[in-house]
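Trainee: Sequence:
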Amino acid sequence: MKKRVILSTIVSLVLLIAVVAAGLNAVFTITLMDTTFRTFSRTGETQAAELEQKLSRFHGKSTTFLDLGDVESVVAEYPAFRLERIKKSYPSRVELTVAERRETFAFRLGAGYAVLDEKGVCIDADRASLENAQTGGENVALIGFDFSVQEGQVAAGEYFPQVLAVLTEFSNVLSHPRANVKRVTLRSKGDASNRRADRFDIEMSEGVVIHIFNPSVLASEKASAALSAYLQLTDGE
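Residue numbers (our numbering): 88 to 324.
Derived from the structure by calculation, the hints contain no laboratory data.
Any given hint might turn out to be false.
As the list claims (entries may be wrong) - Simulated pairs of lysine to any residue, SDA-like, Cα-Cα distance not exceeding 25 Å: (1) 141 / 245; (2) 175 / 154; (3) 269 / 308; (4) 148 / 118; (5) 269 / 312; (6) 175 / 211; (7) 276 / 245; (8) 206 / 118; (9) 276 / 247; (10) 206 / 218.
What the hints assert, rightly or not - Restraint-style ranges between C-beta atoms, simulated for each label pair: (11) 143 / 276: 50 to 60 Å; (12) 216 / 284: 31 to 41 Å; (13) 216 / 311: 25 to 35 Å; (14) 184 / 230: 54 to 64 Å; (15) 184 / 281: 38 to 48 Å; (16) 216 / 312: 25 to 35 Å; (17) 171 / 197: 28 to 38 Å; (18) 118 / 320: 58 to 68 Å.
Model, not experiment: these values are computed from the prediction.
All residues carry an ideal CB built from backbone N, CA and C; glycine is no exception.
Use the sequences and the hints to build the structure in full.
Mentor: What follows is the structure, given as structure tokens:
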């Protein structure tokens with residue numbers, strides 16, 4: 088008799104746990120991928136719609152056990168976007184903010200061009216030209232450099248940190264590098280043991296050329312000083 092009571096109690100307990108688990112699962116199930124997209128081009132709007140459709144695959148998943156890394160991986164399939172914010176909003180939502188990257192720089196890579204955003208992240212590793220596909224015009228050309236890229240990752244190579252530091256300084260002052268900068272050319276003696284004779288030639292839209300000598304040292308500070316002089320030039324100068 089005791090065994091029957093114990094067995095009955097165990098069965099009841101198991102059923103209770105199953106009912107509670109089912110109830111919790113029903114409550115903590117994703118019903119909305121609440122995604123805010125920040126786009127500024129038709130291409131971005133098209134890709135945002137595709138990405139939103141892909142994110143819908145997470146509907147019905149457990150909010151508790153969802154690995155946000157899986158969501159991040161889906162967003163990473165679109166290198167033209169960056170994930171700015173992601174969090175679980177219990178019991179049934181995941182909130183994301185996804186922003187379109189701005190095409191800014193381009194450099195020769197094989198038979199085409201690699202296109203980077205203002206942070207140096209590669210958006211497209213196989214572009215036919217310097218043309219900015221988002222807003223028209225041309226991206227800032229980086230000439231004479233030997234960089235390597237992977238879509239969705241920051242470019243790498245000698246002088247890339249310095250180029251980025253210089254152009255970030257320009258962006259801070261001029262609102263965006265493409266507003267005034269046309270191209271940045273590396274002038275190098277080719278002597279890896281002595282880079283003091285190397286320089287960046289930065290060609291501005293008005294025809295002014297800014298020289299940054301020995302850019303491996305204090306690149307940002309030199310860019311700031313050069314900009315200060317540039318902004319004081321008269322129209323005639």
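Trainee: Hint by hint, note whether the structure agrees.
Mentor: Here is how each hint holds up against the structure:
1. With a C-alpha separation of about 37 Å, the suggested pairing of residue 141 with residue 245 is violated against the 25 Å cut-off.
2. With a C-alpha separation of about 10 Å, the suggested pairing of residue 175 with residue 154 holds against the 25 Å cut-off.
3. Distance check on the hinted pair: residue 269 and residue 308 sit about 21 Å apart at the alpha-carbon level, within 25 Å; holds.
4. Between residue 148 and residue 118 the CA atoms are separated by roughly 8 Å; this keeps the pair inside 25 Å, and the hint holds.
5. At most 25 Å may separate the alpha-carbon atoms for a hinted pair to count; residue 269 and residue 312 meet this at roughly 19 Å.
6. Restraint check for residue 175 and residue 211: the C-alpha separation of about 31 Å exceeds 25 Å, so the hint is violated.
7. Simply put, residue 276 and residue 245 have alpha-carbon atoms about 14 Å apart, close enough for the 25 Å limit, and the pair holds.
8. For the hint linking residue 206 to residue 118, the alpha-carbon distance of about 34 Å lies beyond 25 Å, and the restraint is violated.
9. The hinted pair formed by residue 276 and residue 247 meets the criterion: a straight-line CA distance of about 17 Å does not exceed 25 Å.
10. A threshold of 25 Å between alpha carbons decides the hint, and for residue 206 with residue 218 the separation of about 18 Å falls inside it, so the pair holds.
11. Between residue 143 and residue 276 the beta carbon distance is about 56 Å. The supplied range of 50 to 60 Å therefore holds.
12. Between residue 216 and residue 284 the beta carbon distance is about 32 Å. The supplied range of 31 to 41 Å therefore holds.
13. The given range of 25 to 35 Å is respected by residue 216 and residue 311, whose C-beta atoms sit roughly 32 Å from each other.
14. The hint said 54 to 64 Å for the Cβ distance between residue 184 and residue 230, and at roughly 35 Å that hint is violated.
15. Between residue 184 and residue 281 the beta carbons are some 47 Å apart, a value that agrees with the proposed interval 38 to 48 Å.
16. Hint check: residue 216 to residue 312, Cβ distance near 34 Å, so the stated range 25 to 35 Å holds.
17. For the pair residue 171 and residue 197, the supplied restraint of 28 to 38 Å holds, since their beta-carbon distance comes to about 31 Å.
18. Checked against the hint of 58 to 68 Å, the C-beta distance between residue 118 and residue 320 comes to roughly 59 Å, which is consistent with it.
Violated hints for the displayed structure, listed by number in ascending order: 1, 6, 8 and 14.
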